[in-house]
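**Q** Let the hints inform the model, and build the full structure from the sequences given.
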Amino acid sequence: MSGNKQDEDPRINGIKTKIRVVPDFPKKGIMFQDITTVLLDPKAFKDTIDLFVERYRDKNISVVAGIEARGFIFGPPIALAIGAKFVPLRKPKKLPGETIFEEYELEYGNDRLEMHVGAVEAGDRALVVDDLIATGGTLCAAINLLERVGAEVVECACVIELPELKGRQRLKGKPLCMLVEYR
Amino acid sequence: MTILFVCYKQQPAVSQESENMTSKEDGQDPRLPKIASSIRVIPDFPKPGIMFQDITTLLLDTEAFKDTIDIFVERYKGKGISVVAGVEARGFIFGPPIALAIGAKFVPMRKPKKLPGKVFSEEYSLEYGTDKIEMHVGAVEPGERAIIIDDLIATGGTLSAAIRLLERVGVKIVECACVIELPELKGRDKLGETPLFILVTSDAA
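Read top to bottom, the protein sequences are chains A and B.
So in the UniProt record's numbering, the last one in the first sequence is 183, and the numbering has no gaps at all.
So in the UniProt record's numbering, the last one in the second sequence is 205, and the numbering has no gaps at all.
Hints in this document: simulated from the structure, not taken from any laboratory.
This structure is a prediction, so every number in the text was calculated from the model and none was measured.
Note that beta-carbon positions come from the ideal geometry of N, C-alpha and C, so glycine has one too.
Please note that the accuracy of each hint is not assured.
Negatives, chain A to chain B, calculated, CB over 12 Å [as the list claims (entries may be wrong)]: (1) 58; (2) 103; (3) 147; (4) 168; (5) 176.
Coverage of chain B stretches by chain A, computed from C-beta distances (three or more under 8 Å per stretch; other residues unrestricted) [to be verified]: (6) 45 to 57; (7) 72 to 80; (8) 84 to 92; (9) 101 to 113.
**A** Structure (structure tokens):
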């Protein structure tokens with residue numbers, strides 16, 4: 001699924017054509033990958049989920065961690081289909097219970113990703129899901145949170161990769177599965 | 001459409017205070033007790049006096065999460081609903097699985113400046129000040145039938161704004177659906193003609 005054109009599942013092109021690219025959002029020069037248009041096509045959305053579910057259903061995954069907010073759209077359907085718990089990873093101050101946090105870098109300054117204490121246990125096998133991987137900073141923070149509580153991160157799963165930003169190299173050696181590349 | 005309203009006594013996992021709710025003995029879906037008891041109540045979040053209804057513990061219970069989605073899917077499948085609108089961010093957790101199962105599109109309704117394309121906005125009141133909810137232009141079409149999903153209805157401000165937003169573009173809102181209602185806050189009154197379906201009720205404070 002990740003990058004080998006000859007093996008490409010025929011559903012992938014259907015998904016790719018539904019992604020809308022919005023120029024200059026959130027600022028000039030950025031070509032924003034808008035997945036909301038995929039969600040408007042029930043077949044494309046179902047195919048996206050099915051591709052991930054087929055990959056992970058027999059891998060004994062016990063946790064799907066989704067990154068706020070677009071990871072909340074793709075993570076839960078995958079979790080439900082493979083029988084895993086869904087764990088939201090959130091911006092600061094959103095989770096009501098006791099949390100642990102991991103800091104990560106933005107272009108200017110830092111941000112934090114939080115997870116509830118007790119959501120994930122040592123020995124859990126985890127997937128991290130987000131709509132897109134850019135620099136990999138958020139995904140790296142997610143991996144750190146899960147590893148700190150003793151979970152094993154099996155893979156990161158994203159719909160879209162921006163390979164020029166080399167996010168793949170920031171995943172602490174964890175594999176990345178993506179469906180669509182944007183160069 | 002009649003308002004079907006099922007509720008169950010909620011068992012708080014963390015707080016020692018008792019949450020009392022009326023329980024309906026007859027005709028009650030047997031999946032509801034487990035769903036209700038999987039919700040964690042966190043006192044004094046985000047501020048003193050508020051008993052926060054935390055659905056993240058429901059999401060950790062694979063059977064309870066699946067049952068929650070199944071109850072909504074059973075209710076909405078085959079009703080000609082082409083749009084499931086979910087309110088950011090916890091509506092994003094419940095809405096998509098329902099949309100996928102009933103063959104509808106999922107439309108995220110977001111806080112300002114998150115959606116990249118052209119948007120419609122609707123303002124709503126907060127305790128102090130106002131906020132806005134946004135939806136992409138072109139996401140929905142006149143004549144479509146929609147449900148709006150969120151994890152919880154409190155004052156009804158956000159849901160009523162979501163209703164107004166969809167109605168402005170000619171969509172018919174068949175129902176609002178939430179896992180939890182805080183009936184003391186009378187959010188239902190803000191929804192006008194739109195029915196509300198919920199699984200669990202709880203005291204607000």
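**Q** Next, verify each hint and record whether it holds.
**A** Checked hints:
{"no.": "1", "hint": "58", "verdict": "holds, 16 Å"}
{"no.": "2", "hint": "103", "verdict": "holds, 21 Å"}
{"no.": "3", "hint": "147", "verdict": "holds, 19 Å"}
{"no.": "4", "hint": "168", "verdict": "holds, 24 Å"}
{"no.": "5", "hint": "176", "verdict": "holds, 22 Å"}
{"no.": "6", "hint": "45 to 57", "verdict": "holds (count 5)"}
{"no.": "7", "hint": "72 to 80", "verdict": "violated (count 0)"}
{"no.": "8", "hint": "84 to 92", "verdict": "holds (count 4)"}
{"no.": "9", "hint": "101 to 113", "verdict": "holds (count 8)"}
When the structure is compared with the earlier hints, a violation turns up for hint 7 alone.
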